[in-house]
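J.: Chain A is fixed; fit chain B onto it per the hints.
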Amino acid sequence: MSLRLLVLASLALLACSGCGSGGHEAGAVVRVTERDFRISAPRHVRSGDLLLSVRNRGPDAHELIVVREGSRLPLRRDGSTVSEERLEPVIVGTLEPGQPGSSRKLRLHLAPGHYQLFCNMSGHYLGGMHTKLVVG
Amino acid sequence: MLRRRQAFRPFATRGRRTIAGILATFALFSTLTVTVSIWATSGSRHRASVLEVAARQRTLAERYVKDVLLARAGAQADPALTGRLLALSADALLNGGVAPAVNGDDDETLLPPASGVTVRAQLRQERRLVRDLTATGSAVLARRPATAVKLTADERLTVRDPVERLRVLSALTSNVSLNAARTIGAEDDRNIGRLIVIEVVLGAIGLLTSLLLAFGLIAATRRQTAHFRSLVTSSTDLVLVFGDGGCRYASESVATMLGHPEDDLLGEGFAGFVHEDDRASVCAAYAHGEPHEIVFRVANEFHEWRHLEAHVTDLRADRQIRGIVLNARDVTERLRLEEELTHQAFHDGLTGLPNRALFRDRLDQSLARSKRSHEGLAVLLLDLDGFKQVNDSLGHDAGDQLLEEVARRFGEVTRPADTLARFGGDEFALLLEGANETQAVAAANRLVRNLSEPIRIAGHELGLGASVGIAMHAGGEAASEELIRHADLAMYAAKEAGRGRHEVFRYDMARELGELLGLEHELRLGLQRGEFSLHYQPEIALDTAAIVGVEALLRWHSPTRGSVPPAEFIPIAEATGLIVPLGEYVLHEACAQTARWLRNAALPEGFVTWTNLSGKQLSAGGVSALVREALEAAELPAGFLGLEVTETALVQEGHAGERARAELQELHELGVRIAVDDFGTGFSSLGQLRSFPVDMIKVDRSFVQGIEHDAKDAAITANLVSLAHALGLLAIAEGIESDGQLTSLRELGCDLAQGHHCGTPMPAAAFERWLSGVRDKPVGQRSDALGEV
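Those protein sequences? They're chains A and B, same order as listed.
If you read the first sequence in my numbering, its first letter stands for residue 2, the second for the next number, and so on.
If you read the second sequence in my numbering, its first letter stands for residue 446, the second for the next number, and so on.
Okay, chain A solo, but in the shape it has when bound:
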């Protein structure tokens, strides 16, 4: 009884999320893959609404921060993380750390410009986890 209810409810939810993504004026889906210690993403995307589908392939946990900054990012005094405080005005989106194997979505509205995607876990930026994105 309860099991059947559960199945029905989850089916309904799935259907809903499907309508949501299709029904909204959702822009292009951008696939982003994170792994130790690399972020793979397209180099160019069209401006407007974007849905970042972020998949973490591990083994470590990773976060994702999107900033409108084309040049080298400022570091904190510890020398191993990017100073998000100084980048505050240009941060356009963040995803909290996701476990290996997880998939997360990030909805963005990007104006044309130069952007960077990076993971700001300790040492990860310097370890190579950043990539550039040009929105045209």
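Check the hints yourself; a few may be wrong.
[As the list claims (entries may be wrong)] Here are some chain B residues pointing at chain A (derived, C-beta under 7 Å):
hint, residue
1, Thr597
2, Glu600
3, Arg612
[Stated by the list, open to error] The calculated label-pair distances, taken between Cβ atoms and stated as ranges, are:
hint, chain 1, residue 1, chain 2, residue 2, range
4, A, Lys106, B, Leu468, 50 to 56 Å
5, A, Arg78, B, Asp523, 25 to 31 Å
6, A, Ser48, B, Pro590, 40 to 46 Å
[Said to hold, decoys possible] A few chain B residues facing chain A, derived, Cβ under 8 Å:
hint, residue
7, Thr563
8, Gln567
9, Asn624
10, Val1009
11, Pro1010
These are calculated hints, taken from the structure and not from any lab test.
Predicted model, so just to flag it, every value in this text is computed and none were measured.
Cβ atoms here follow ideal geometry from the backbone N, Cα and C, with glycine treated the same way.
T.: Just chain B, lined up with the frame of chain A:
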């Protein structure tokens, strides 16, 4: 309801099985729960040590960088040791094993191998990073270019400064260590969550199963209780359970039998219905469980006493009952029947008076009392005069009515303290306690006087007398049987002296009566010794004077008494029952003799040997079998044998009469001739005679003797002869003594004749001679008669 259920033992095998099932379910699910818990938590053992070691890696990585920098600056530091600790710990975290002590303030720790794909991937990454870190550190210390160190963990370091590289690698190592520790923690949370779910599911299933079993058990128990209850309630046995406060349970059968509502029986109510005299024993039985067997009376709704026979069982120690159980049966009917049977055994069924056995018992008691008190007593024996005739002529039903009336009349003149009994037949007895001879004689007179008033039975006025024998006992010791015998002898003496008399026993009577008794004894002996023989008296046809048959007549020649006339011994033989073996002898001998004559070809056509059957013989039954047996033994055709029966024997009423007639009918059909003896003296009517199996009637000698001179006798004889002819029967006249009688009979149309004038009774050999010698002589010349008996 609840009280009632206590009276049963509720669980049978089924109940025990169900309980075992419940216990097994509990055991199974407990084991499963514990196993699952152990399995689920086993991964979390040493988790604190693992977490501690994982967290320590972060510190070690930072310390390693510091040590390298210090060592490079020439300060005292051992980066190699720190690096080794890092590597060993990383290895222990991944594959299990001993994690080394780091500062001396902690101990070596034994770690289990890491489980879980994510954790192991992270720990492998950590190990690679540690390797890269220590390799870079070594390069820095050796002042080799750090960029030349080959990196193994996919790092893409853009910084070229060796120290910076070292710092980044340390940060990466710290980070992955931290995340590995977090993953381990998250895994624990997941395990605990899973455990909770499993335990809840298992618990629910176990509980559900147990509930189902328990419901099943309750249902089974209910059924069983109902089953037992219906067994108890439908049984005719009465079940009562007593405890503190009286009756706790009474089966429905009790309420049904007694007709009281169940509530009235419970509590102290039951004792109220018990008979006052029995109450004490019943109360004792249900208070103490003893005696084990009781019989008591209980009043039913109609206030009748029912007798209950109860078996008492003390089940106070039985936890299911905790009471005393009475299993009772209603034995009222049985007791009533027993009482009736006892009464029957000691009372005469016809008159309701005590019988001989009870009389003897009372007499014994009286004699016992007399022995102590030396008081006298009297025994009176009464025999009715002329009862036999009433019985023979009016039938047994009339005889029975007469006896009842006699018993009533005797009862009128006896005191309640006296015992009046019927010994059987027409013999009564009276016991007078504390009586002397005068009183006994007065009682005898009263009895006889009260009987003298005529009694009306079956349309006849009957005047009865009684002969009374009195035996006195003066007190002291005596045997009851002797006293009765004395009274008996006195009664015989009274009868001998004439009817309606009484005699008191005297010792010289014994001698006189011994004479009579001696005759019986000799008769018996004579039968054994073959002192009896048959004589044959011829019967002739009146028209042709031809011999047509003989009448076989019994003779007794006693060695001490000489020839004894039948008139003397036949009554004694009849009274003692010796008539039956005598009758057998006559039949066998007559058949055998006739068969011998037949074989000698001495017999004329249609010859019949007639024998006499006594009424007693007929009443006793078995005549048919006896006759057939005699015929077969002699190999004599049935047509050669004739049976003479008296008129009264033929018409007697009741079962014995029916049977006698049926037996005669049977023999008649076989070919045996039947004649009615002494015809005209009895009570038989024309109609009756027609329905009887009769071939011939015998006109009594009393009519024949007067036939010449007495017109009345002649008329009667004429009538009898024409009656016989009208019914298709032959008529024979007996007792012919003269030619005149012979002529008269011939004129009347009588068929046959018998008498001294025609031929005297003679032995078989003489008859044979006579037969051949006189066959052609005229009847009138046969005057060698000696006299018929």
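J.: If any of the earlier hints don't hold here, list their numbers in rising order.
T.: 1, 10, 11
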